[in-house]
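**Q** So the protein sequences, as listed, match chains W and V. Heads up: the first sequence begins at 1 in this note's numbering, then just goes up one per residue. Heads up: the second sequence begins at 74 in this note's numbering, then just goes up one per residue.
The reader is advised that the hints may include incorrect statements.
Selected chain V positions facing chain W (in silico; Cβ < 8 angstroms) [said to hold, decoys possible]:
hint, residue
1, T75
2, E139
3, E143
4, R144
5, L205
6, G206
7, T207
Since the hints were made in silico from the structure, they are not lab data. Beta carbons are placed, not taken as given, at the ideal position from N, Cα and C, and that holds for glycine.
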Amino acid sequence: MSKAAPRTQIRNNIRALRFQHGEMTQADLAERVGLTRQTIIAIEQGRYSPSLEAAFKIAGVFGVRLEDVFRYD
Amino acid sequence: MTFREKSIAIQIAAILLVYGFYGIRYWGQPLTGAGGAVGLVVGITISMTVLTVIAHVVLAGRLRQERLDERDRVIRLRGSRNAYHVLTMTNWCVLALILTNTRHGLLLLAVLGAFALAELARLGSEMLYYRLGT
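Pulled out of the complex, with its shape left as it was, chain V reads as follows (with noise of 0.2 angstroms):
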């Protein structure tokens, strides 16, 4: 695997790590004020970029990272545009359970697993479009 794709799984990998742990850890409580909803973005926010600095510095001490070329940018771009398409959807899942009346801590869980699935989605079509061709 060459530097993007293994930097790609490494994305992927935190991801379903990070966002796996805090959606089991919160899943259920009410999340209300600072020590609750805050904790959770916060906690993500910080855990994910420590993930992904640390596993990058060793990545980068093993492979050199080539330049982005016109293949690397046309698959960047049909990666966003995959992942536009999921987080549209699940904006309207969330929206759904808006008007359901679903309680504050649920939402919040659900608009994170919407970041989630769609960084999710970015990611594996990358991935995809990097190793079947575009």
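The shape of chain W in the complex, shown without the other chains (with noise of 0.2 angstroms):
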């Protein structure tokens, strides 16, 4: 997978927190949230902004407060 450079000022641990639920793949993350794969790749290389409804289900997924998932630098 290449690291593209991120494009937007929003930064997430998506990535560490999917190792830390039993290495969950990102296809596996898509399917939970309802969005594709492409999306989350996206998601955690800081290409793509995710809407609130989804940020919200990702860390729902992870069973984290939002905060604990995404950050604005």
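Combine both chains into one complex, guided by the hints.
**A** And the structure:
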């Protein structure tokens, strides 16, 4: 997977959280939040800022607060 | 590249091929009557349809298409917005051609060219948004 430079100012810990949750795959996370795997990849790489609804769903999957997943730099 | 990116690439290639071919073939011709203008428009429509359908059938056999999600919808909206600006600008150019009494054949090519440029702007910007981010 190529490491593209982030284009948004929203940073996230999704990659770390996935590995802390039984090495959850991007496809698994995508399925659980109703997005495509490509979109999860784009969010992780900072190439796309998800909607508030999607952000809450992602945090919900990991069982943490929104600010534990996303932060604004 | 994902299914959607390849689909966009196919459409860009089809536009360049078909519009390029017909643009060169009909350049400088009077394009009057059913055999000229209608033949050009029908030819472009059929060629574009056949090319893109065949290419997408082949593509669908090789790659699984994912459903649309919020990112796809955002990218489509932004692509359409960019295409609107291009279409507006090119329409002003066509209007200028009309006001300068440009002959019928060239006007038709200009209108078709405007559509082609707007579509290229839409597809090109969608591709960039997919590759580089929104």
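**Q** Decide, hint by hint, whether the structure agrees.
**A** Status of each hint after checking the structure:
1. With a least beta-carbon distance of about 6 angstroms to chain W, the hint placing V:T75 at the interface is held under the 8 angstroms criterion.
2. Evaluation of the V:E139 hint against chain W yields a held restraint, the C-beta minimum of about 5 angstroms falling below 8 angstroms.
3. At its closest, the beta carbon of V:E143 sits 5 angstroms from a beta carbon of chain W; the interface hint therefore holds under the 8 angstroms criterion.
4. The beta carbon of V:R144 comes within 4 angstroms of a beta carbon in chain W, closer than 8 angstroms, and the hint placing it at the interface holds.
5. A hinted interface residue such as V:L205 counts as satisfied when its beta carbon comes closer than 8 angstroms to some beta carbon of chain W; here the least separation is about 7 angstroms, so the hint holds.
6. Using the Cβ-Cβ criterion of 8 angstroms, the hint placing V:G206 at the interface with chain W is satisfied: the shortest such distance is roughly 3 angstroms.
7. Here the hint on V:T207 is kept, as its CB sits about 5 angstroms from the closest CB of chain W, short of 8 angstroms.
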